[in-house]
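A.B. asks: Residue numbers (my numbering), protein chains in the order written: chain A, 19 to 435; chain B, 19 to 435.
Don't read these hints as lab results, they were simulated from the structure. Fair warning: this is a prediction, and the values are worked out from it, not measured in the lab. Relax, there's no trap hidden among the hints.
Just so you know, same-sequence chains aren't split out, so a pair can sit in one copy or run between any two.
Only pairs whose alpha carbons sit at most 16 Å apart, straight line, appear in this in silico EDC-like list of lysine to aspartate or glutamate:
#1 146 x 381
#2 414 x 392
#3 27 x 147
The lines below spell out each chain.
Number of protein chains: 2
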Amino acid sequence: MKYLDLFPKTIKQAPAGAESTNHRLLVRGGFIDQLMAGSWTLLPLGYKVVSKIVQIIREEMDATGAQEMLMPLLHPKEVWERSGRWNKTDVKEIMYQFEDIRGREVGLAITHEEIVMDLLGKHVSSYKDLPVKVYHFSTKFRNELRARSGILRGREFMMKDLYSAHVSEEELFKYYEEVKQAYLKIFQRIGLEVRVVEASGGIFTDKYTHEFQALVESGEDIIYYCQSCDFARNKEIFNGKEGDKCPQCRGVIKAANSIEVGNIFPLGTKYSKDMKVFYKDEKGQDKPIWFASYGIGPTRVMGALVEVFHDEKGIIWPESVAPYQVHLVGLDLSETQIRIKAEDIYNRLQTAGVEVLYDDRADVTAGEKFADADLLGVPYRVVVSKKTEDKLEVKKRNRAEVEFLSYDELLGKLKTT
Amino acid sequence: MKYLDLFPKTIKQAPAGAESTNHRLLVRGGFIDQLMAGSWTLLPLGYKVVSKIVQIIREEMDATGAQEMLMPLLHPKEVWERSGRWNKTDVKEIMYQFEDIRGREVGLAITHEEIVMDLLGKHVSSYKDLPVKVYHFSTKFRNELRARSGILRGREFMMKDLYSAHVSEEELFKYYEEVKQAYLKIFQRIGLEVRVVEASGGIFTDKYTHEFQALVESGEDIIYYCQSCDFARNKEIFNGKEGDKCPQCRGVIKAANSIEVGNIFPLGTKYSKDMKVFYKDEKGQDKPIWFASYGIGPTRVMGALVEVFHDEKGIIWPESVAPYQVHLVGLDLSETQIRIKAEDIYNRLQTAGVEVLYDDRADVTAGEKFADADLLGVPYRVVVSKKTEDKLEVKKRNRAEVEFLSYDELLGKLKTT
Numbered sequence: 019m020k021y022l023d024l025f026p027k028t029i030k031q032a033p034a035g036a037e038s039t040n041h042r043l044l045v046r047g048g049f050i051d052q053l054m055a056g057s058w059t060l061l062p063l064g065y066k067v068v069s070k071i072v073q074i075i076r077e078e079m080d081a082t083g084a085q086e087m088l089m090p091l092l093h094p095k096e097v098w099e100r101s102g103r104w105n106k107t108d109v110k111e112i113m114y115q116f117e118d119i120r121g122r123e124v125g126l127a128i129t130h131e132e133i134v135m136d137l138l139g140k141h142v143s144s145y146k147d148l149p150v151k152v153y154h155f156s157t158k159f160r161n162e163l164r165a166r167s168g169i170l171r172g173r174e175f176m177m178k179d180l181y182s183a184h185v186s187e188e189e190l191f192k193y194y195e196e197v198k199q200a201y202l203k204i205f206q207r208i209g210l211e212v213r214v215v216e217a218s219g220g221i222f223t224d225k226y227t228h229e230f231q232a233l234v235e236s237g238e239d240i241i242y243y244c245q246s247c248d249f250a251r252n253k254e255i256f257n258g259k260e261g262d263k264c265p266q267c268r269g270v271i272k273a274a275n276s277i278e279v280g281n282i283f284p285l286g287t288k289y290s291k292d293m294k295v296f297y298k299d300e301k302g303q304d305k306p307i308w309f310a311s312y313g314i315g316p317t318r319v320m321g322a323l324v325e326v327f328h329d330e331k332g333i334i335w336p337e338s339v340a341p342y343q344v345h346l347v348g349l350d351l352s353e354t355q356i357r358i359k360a361e362d363i364y365n366r367l368q369t370a371g372v373e374v375l376y377d378d379r380a381d382v383t384a385g386e387k388f389a390d391a392d393l394l395g396v397p398y399r400v401v402v403s404k405k406t407e408d409k410l411e412v413k414k415r416n417r418a419e420v421e422f423l424s425y426d427e428l429l430g431k432l433k434t435t
Numbered sequence: 019m020k021y022l023d024l025f026p027k028t029i030k031q032a033p034a035g036a037e038s039t040n041h042r043l044l045v046r047g048g049f050i051d052q053l054m055a056g057s058w059t060l061l062p063l064g065y066k067v068v069s070k071i072v073q074i075i076r077e078e079m080d081a082t083g084a085q086e087m088l089m090p091l092l093h094p095k096e097v098w099e100r101s102g103r104w105n106k107t108d109v110k111e112i113m114y115q116f117e118d119i120r121g122r123e124v125g126l127a128i129t130h131e132e133i134v135m136d137l138l139g140k141h142v143s144s145y146k147d148l149p150v151k152v153y154h155f156s157t158k159f160r161n162e163l164r165a166r167s168g169i170l171r172g173r174e175f176m177m178k179d180l181y182s183a184h185v186s187e188e189e190l191f192k193y194y195e196e197v198k199q200a201y202l203k204i205f206q207r208i209g210l211e212v213r214v215v216e217a218s219g220g221i222f223t224d225k226y227t228h229e230f231q232a233l234v235e236s237g238e239d240i241i242y243y244c245q246s247c248d249f250a251r252n253k254e255i256f257n258g259k260e261g262d263k264c265p266q267c268r269g270v271i272k273a274a275n276s277i278e279v280g281n282i283f284p285l286g287t288k289y290s291k292d293m294k295v296f297y298k299d300e301k302g303q304d305k306p307i308w309f310a311s312y313g314i315g316p317t318r319v320m321g322a323l324v325e326v327f328h329d330e331k332g333i334i335w336p337e338s339v340a341p342y343q344v345h346l347v348g349l350d351l352s353e354t355q356i357r358i359k360a361e362d363i364y365n366r367l368q369t370a371g372v373e374v375l376y377d378d379r380a381d382v383t384a385g386e387k388f389a390d391a392d393l394l395g396v397p398y399r400v401v402v403s404k405k406t407e408d409k410l411e412v413k414k415r416n417r418a419e420v421e422f423l424s425y426d427e428l429l430g431k432l433k434t435t
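Extracted from the complex, chain A is given alone in its bound form (with noise of 0.2 Å):
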């Protein structure tokens, strides 16, 4: 991608009322555009960043055999009154719940239990029907009172969220425990430091739930952990403080701000049982199904990158979700040799399957061009210039060294992160 061709440009004003980094650094960057309080375009380069977190995420749930597929939005208040989560007070707050103009009551997606039972209950009827496993990635909406903290906290979001029905509790929490598993190698993958951690189930079930807590300063989440053993619970379920022996291994806990960037729920029979949803056994007697639910929200781990990895120069992506590999940096580029250079390195990095955004401005100070390739935040800089001659000039991001190399030495380092 040719910088002149990108849209839109990179912004020199932090936007107004923005309080948080995410917000601060992906608005100027140009990877979101607020459209109303809480709800955001993903720009190009942030749709970019978003599809790697995506695409990490479906590798990772089809690994563990489940199923992509893709819900509706607008919901049938009928389906949410078979769960009698419709009028719940704490459902009624964050969705929106309105009559179409056939007086039809129909709700926007906070979640999709419902609609997934309401399946299970057309398609599921004999024990040889199960396990299910299905996933979508979809928007949700969730009418918060104070939408802040940038792309953190929205009306509107993108959502990862997958369900699973067994036969029993014991093959459920088998499953559970894969899809733990998956989410961590999913965190992982992307670079984000993760802590399972016990919490409530809100609105979705009266059991302890897990939930993964990137451990960021500016979290608006309080975790208390153990530093010696696997212990962590969200703030609303410990009963105690920093500095207490931990109940499992006596260790001592402390406290830490967090951002949850995903949640599991195992919501057991309760959802079968409220929706009459029941599948046959093997003596043809009905059964309640064991079910389970798992969100990651995509758009939400990309607010929570940016407010681990950065500086106070811009976002320092880590590689694998990175909008581009290489940021290529022309300057001189009114020299007609020196053009053909940076026109050529960015065919041939092209060429050989590498992601470059390529800054062909001429009008531009190398000041410009670098605070712009910092603001970015994409891993490699590459500078061609009357200075680098027959040499490209490498820096990292999240490096101060600049190397010189030849185009076979850069490859050769990119292929083999």
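Please arrange chain B on chain A, whose structure you already have, making use of the hints.
C.D. replies: Chain B only, in chain A's frame:
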């Protein structure tokens, strides 16, 4: 994918009230599931087909230099008031408009011209920032009075919409023509024969626009076209009848039923002027932006394909969008030797990169398996049974003949198609 793992299984009975072929066959095959009138879940098989359609569209959009992004679905009233469309009767009839709990009026996306214009207003200042070509795949909501024709006319459906912004009418029509050609290439790759038809602009523009119409007997639209040249008009703007002389070449006009699978709108400067979004030209003067939009509904395309490609037994998918390339049918699977051979063929095909659906059911008759294969419409049916010995029985879905091939012969056949 093993059939025993696939969610859901095929259904023997056509759904009640299914008037159209796509409704009947897609539901019976487990491609889609109806949540409410006009609202469908794309089940794993249906999602696979739509994903392939999406990928073809994406490649051809990218080839025109367009950039993918993702815009929100909840739109603030204020942005739609700027174009004057919020209160238009024909918009109000199909747009879900409601108040959120804070009394803010919002509407669900019926299209995105206003949102793109709002983006251009924020990010385009000079002629140097143009052209802009951006698109997304996302959900559209239309409160159709009568949702019908299966997945062809939904209240919620997937749409690819591209928007382009230019400095002049000339530039706009140059790109408009490029997109028209890209659309023709898309439908050619998908395997759908279309006519480019002049039509009225509806709620979009007062000017004529172009529809891409697939000629199908079951189609709800009627078009008049010339058998000797490219003249073609939608019923609404054609003042004539079948048998008339073509106003362009004096050939004979024919009438035909059709399904609209795409449309392109040269919107001109209307939105720019109405919403007061201008660019500065070389002299620093404000000029209106030339604007166009271009839509294809991937879910509707899937429905249209079924209307065109089916027989009394089921669907006949074009190879480019089929959910799998091979439907491997194992017969006599109670015999260990045969089961081992079938599994081996399944694994080898998958390793070779062939997408295979393997019917691994042991308790089902050959007749039932063949009926399901015909219903699902995968291009190649490959049978492993006692009878096939060291060969494979290969039949194309759209042919009657059966061939006996070795594994290598089959693979060669698949790779060349």
